[in-house]
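Make the full structure from the sequences, and use the hints.
Number of protein chains: 2
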Amino acid sequence: MFVSKSSLETEQQHLEGFAPEVAWITKAGSSELAESIAIRPTSETIMYPTFSKWIRSHRDLPLKLNQWSNVVRWEFKDPTPFVRTREFLWQEGHTAHASEAEAKEFSLKMLDHYASIYEDLLAIPVIKGTKSKNETFAGAEQTHTLELFIDANGKAMQGATSHDLGQRFSKIFNIWYENQSKDKENVWQTCWGFTTRSIGAMVMIHGDDKGLVLPPNVAEYQVVIVPIFKQDAAQKEQINTKIEELKYLLDKKGVRYHVDNRDTYSPGWKFNHWEVKGVPLRIEIGPFDLEKNIASVYSRFNGEKKTVDWDKLGSFVPKQLKVIHNQMIRNARKMNKRIKIVDSWRKF
Amino acid sequence: MFVSKSSLETEQQHLEGFAPEVAWITKAGSSELAESIAIRPTSETIMYPTFSKWIRSHRDLPLKLNQWSNVVRWEFKDPTPFVRTREFLWQEGHTAHASEAEAKEFSLKMLDHYASIYEDLLAIPVIKGTKSKNETFAGAEQTHTLELFIDANGKAMQGATSHDLGQRFSKIFNIWYENQSKDKENVWQTCWGFTTRSIGAMVMIHGDDKGLVLPPNVAEYQVVIVPIFKQDAAQKEQINTKIEELKYLLDKKGVRYHVDNRDTYSPGWKFNHWEVKGVPLRIEIGPFDLEKNIASVYSRFNGEKKTVDWDKLGSFVPKQLKVIHNQMIRNARKMNKRIKIVDSWRKF
Numbered sequence: 007m008f009v010s011k012s013s014l015e016t017e018q019q020h021l022e023g024f025a026p027e028v029a030w031i032t033k034a035g036s037s038e039l040a041e042s043i044a045i046r047p048t049s050e051t052i053m054y055p056t057f058s059k060w061i062r063s064h065r066d067l068p069l070k071l072n073q074w075s076n077v078v079r080w081e082f083k084d085p086t087p088f089v090r091t092r093e094f095l096w097q098e099g100h101t102a103h104a105s106e107a108e109a110k111e112f113s114l115k116m117l118d119h120y121a122s123i124y125e126d127l128l129a130i131p132v133i134k135g136t137k138s139k140n141e142t143f144a145g146a147e148q149t150h151t152l153e154l155f156i157d158a159n160g161k162a163m164q165g166a167t168s169h170d171l172g173q174r175f176s177k178i179f180n181i182w183y184e185n186q187s188k189d190k191e192n193v194w195q196t197c198w199g200f201t202t203r204s205i206g207a208m209v210m211i212h213g214d215d216k217g218l219v220l221p222p223n224v225a226e227y228q229v230v231i232v233p234i235f236k237q238d239a240a241q242k243e244q245i246n247t248k249i250e251e252l253k254y255l256l257d258k259k260g261v262r263y264h265v266d267n268r269d270t271y272s273p274g275w276k277f278n279h280w281e282v283k284g285v286p287l288r289i290e291i292g293p294f295d296l297e298k299n300i301a302s303v304y305s306r307f308n309g310e311k312k313t314v315d316w317d318k319l320g321s322f323v324p325k326q327l328k329v330i331h332n333q334m335i336r337n338a339r340k341m342n343k344r345i346k347i348v349d350s351w352r353k354f
Numbered sequence: 007m008f009v010s011k012s013s014l015e016t017e018q019q020h021l022e023g024f025a026p027e028v029a030w031i032t033k034a035g036s037s038e039l040a041e042s043i044a045i046r047p048t049s050e051t052i053m054y055p056t057f058s059k060w061i062r063s064h065r066d067l068p069l070k071l072n073q074w075s076n077v078v079r080w081e082f083k084d085p086t087p088f089v090r091t092r093e094f095l096w097q098e099g100h101t102a103h104a105s106e107a108e109a110k111e112f113s114l115k116m117l118d119h120y121a122s123i124y125e126d127l128l129a130i131p132v133i134k135g136t137k138s139k140n141e142t143f144a145g146a147e148q149t150h151t152l153e154l155f156i157d158a159n160g161k162a163m164q165g166a167t168s169h170d171l172g173q174r175f176s177k178i179f180n181i182w183y184e185n186q187s188k189d190k191e192n193v194w195q196t197c198w199g200f201t202t203r204s205i206g207a208m209v210m211i212h213g214d215d216k217g218l219v220l221p222p223n224v225a226e227y228q229v230v231i232v233p234i235f236k237q238d239a240a241q242k243e244q245i246n247t248k249i250e251e252l253k254y255l256l257d258k259k260g261v262r263y264h265v266d267n268r269d270t271y272s273p274g275w276k277f278n279h280w281e282v283k284g285v286p287l288r289i290e291i292g293p294f295d296l297e298k299n300i301a302s303v304y305s306r307f308n309g310e311k312k313t314v315d316w317d318k319l320g321s322f323v324p325k326q327l328k329v330i331h332n333q334m335i336r337n338a339r340k341m342n343k344r345i346k347i348v349d350s351w352r353k354f
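Protein chains in written order, with the working numbering: chain A, 7 to 354; chain W, 7 to 354.
For the record, the hints were derived by calculation from the structure and aren't laboratory data.
Since the list can't tell identical chains apart, any single copy or any two copies may satisfy a pair.
Pairs of lysine-lysine residues, derived as DSS-like cross-links and limited to a Cα-Cα distance of at most 27 Å, are as follows: (1) K258 x K311; (2) K83 x K161; (3) K33 x K11; (4) K11 x K83.
These figures come from a predicted structure and were not determined experimentally.
If you want it as C-alpha cells, here you go:
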C-alpha cells in the first residue's frame with residue numbers, strides 16, 4: 007500500500023505526474039514520522055526495484071505480473087461513486103520483455119483484451135485509440151486507451167489504458183538482462199490497468215429508472231425463479247417439484263439462477279426486489295402455469311413477458327440470455343450515434 | 007482503506023485499543039488536510055454505521071459479511087515477514103444476529119472453521135481457547151483464539167481470532183431490528199479474522215534447510231514431473247508420450263501437476279528448483295524407467311525416493327499426497343510435546 011518518498015521520487019517525470027494527488031502519512035499513533043510515506047497511486051516504483059533483482063537472463067523473460075489492489079489518488083474534482091473516487095480498486099499488470107517489438111505488441115494485445123471485457127461481458131461498445139503526447143501516462147512512451155460514451159450525461163469515459171513504457175523505467179531502475187550473445191540490455195516494459203469504474207459505466211449505460219439492468223454474462227444470478235402459491239400445501243409441493251426439474255435443466259446448461267422461495271414476502275414484493283437488482287430474467291410459476299404446462303418469462307432489460315412451454319424452457323433460457331446480451335450492446339451502439347468526429351478545434 | 011477520525015472515535019474502548027498503532031494521513035499533494043484521516047486498522051467503525059441502515063427487521067438477520075482487505079497497524083515491535091508486518095492482508099468477517107445465543111454459537115463456529123483451515127489444509131495442529139480479559143479485542147465481550155506452537159523459535163503464535171461482540175457496538179452505532187413482536191432490539195454481533203500470517207506459520211513449521219515444504223492440500227503444484235532425456239529425439243518422444251498418459255491419469259484424480267520440460271535447464275537444476283519451492287512430490291521419468299515401465303517418485307517432506315510401477319502411478323499419487331499430509335501434521339504434533347501447561351506464575 008505504501009511507497010517511500012525516495013522511491014516515488016526515483017523517476018522524475020512519473021513523480022511530477024502524480025505529485026498533486028498523493029496522500030501522505032506523516033504520523034503513526036502520536037509520533038511524527040521521520041520521512042513521510044506515500045499511499046501508492048500506482049505501483050511502478052514499488053515493483054520495479056524488485057524486477058531488477060529478479061531478472062538476470064533472457065530466460066527470465068517475458069516477466070508478467072498482475073494484481074488487484076487498491077490505490078489512492080487524492081482527486082480534487084467532484085468524486086462520483088465508482089467513476090471518480092479517491093480510493094479505487096483496480097487491476098494493474100506489469101511486464102518486461104526482451105525486445106521493443108514484443109513489448110509494443112503486448113501493450114496492444116492487452117487493450118484488445120480489455121475491449122473484449124467491455125463488449126463480451128459488460129455489453130458496452132468501446133472505441134480504441136492512442137492518447138496525445140499531453141495525455142500520455144507519466145513516464146510512458148505511448149498510452150493506448152479505451153473510451154466509452156455515456157449517453158446519460160453526454161460524456162466520454164476512459165475505460166482502461168495500456169502503456170508502452172519503452173526502456174525509460176528499466177534504465178532508471180536498472181532492470182538488465184543478459185541476451186543470447188551474453189550482452190547486457192535493458193528490458194522493454196508495459197503496464198496496463200482496469201478498474202471498478204467499469205461497473206460504474208455498466209450501471210450508467212444499461213440502468214433505467216427502475217434500477218440496475220445487468221448484462222447476462224456478468225449477472226451473479228442470470229435468472230430468478232419466483233414460485234407463486236397461496237396456502238394450499240399440495241399445490242405448493244407440485245410447484246416445488248416443477249422447480250426442482252427446472253433447476254436440473256438450468257444446471258445442465260450452466261445457467262446461474264436463484265430460487266426466491268421466501269414465505270415472508272409476496273410475489274409482487276419479490277418481482278420489484280429483483281428488478282431493482284437487475285437480474286436479466288425472471289421465471290414465474292404458479293397454479294395457472296402448472297395447469298397449462300407453461301411458465302412466464304420476464305426480461306428485465308425491455309420489460310417484455312413471454313409465455314414459454316415448460317418443455318422448451320431448458321433451451322429457451324440460455325438462448326434468451328444471448329439475445330439479451332446482443333440487444334443490450336446493440337442499444338448501446340445506437341446511443342453512440344451521437345458521437346461526432348472532429349479533426350480541428352474550429353469544428354469542435 | 008480510510009476511516010475518518012470521528013468515526014474511529016465513536017467507540018471509546020475500541021479506539022483506545024488501536025490508537026497507538028494508527029497511521030494518519032495529514033497531507034494530500036502539498037495541501038494540509040482539515041481533519042486527519044486514519045488508515046483502517048480493522049473495519050468495525052467503517053461497516054457498522056452502514057449496518058444500521060441495512061438492518062430493519064428480523065427478516066434481515068442474520069447479516070453476514072466477509073472481505074479480504076489490507077489493514078495497517080503501525081507496530082513498533084520488530085517486523086517479521088508474514089508474521090508481524092505493518093500492512094497485512096487479512097480476511098475479516100462481521101455478522102449481526104437476532105439473539106445472543108446465536109451470536110455466541112456463531113463466533114465459536116468460526117473458530118472451528120479456522121481450526122479446520124490450519125489442520126486440514128496447512129497441516130498445522132492448533133490449540134483453541136478464550137483470551138483473558140486483558141487480551142480481549144478492544145470492545146468485544148469475549149475473544150476466542152487459535153494458538154500455534156513454532157518449534158523453531160519456541161514461541162506461540164496467534165493463528166486466528168473470533169470475537170463475540172455482544173451488543174456494545176450495536177448500541178453505539180444504533181443497529182436496531184424489529185423482532186417478531188414488533189419491538190425494537192439491538193442486534194448481537196460477531197467479528198473474526200484470519201491473515202496471511204498463516205502462510206508464515208506454514209513456512210516456519212514445515213520448512214527445512216533446503217527451503218519450503220508445502221502441505222499437499224495448499225500446494226499450487228502437488229506434483230512436478232521432470233523428464234530426463236539426452237538429445238535422442240525418438241527417446242524424447244517416447245517419454246513425452248508417457249507423460250501425456252500420466253497427465254490424463256492425474257487429471258482424472260484431480261491432482262494439480264506441472265511438467266517442467268524446459269530445454270534450457272538440466273534435470274539436477276530442476277530438482278533443486280522445485281525442492282526450494284516445496285512441491286510435495288517429484289516424478290522423474292527417463293530412458294531407464296521407460297524400459298522397466300516404472301517411475302521414480304520423490305517426497306519433498308522426508309526426502310524419500312520410491313520406485314513405482316507405471317500402471318500403479320495413477321492411484322499411488324493421490325494416496326501418497328494424503329500420506330504426506332497426515333505425516334506432516336503428525337510431525338508437527340510431535341513438536342507440540344514441548345508445550346507444558348502451567349496454572350500459576352510460580353510454575354512458569
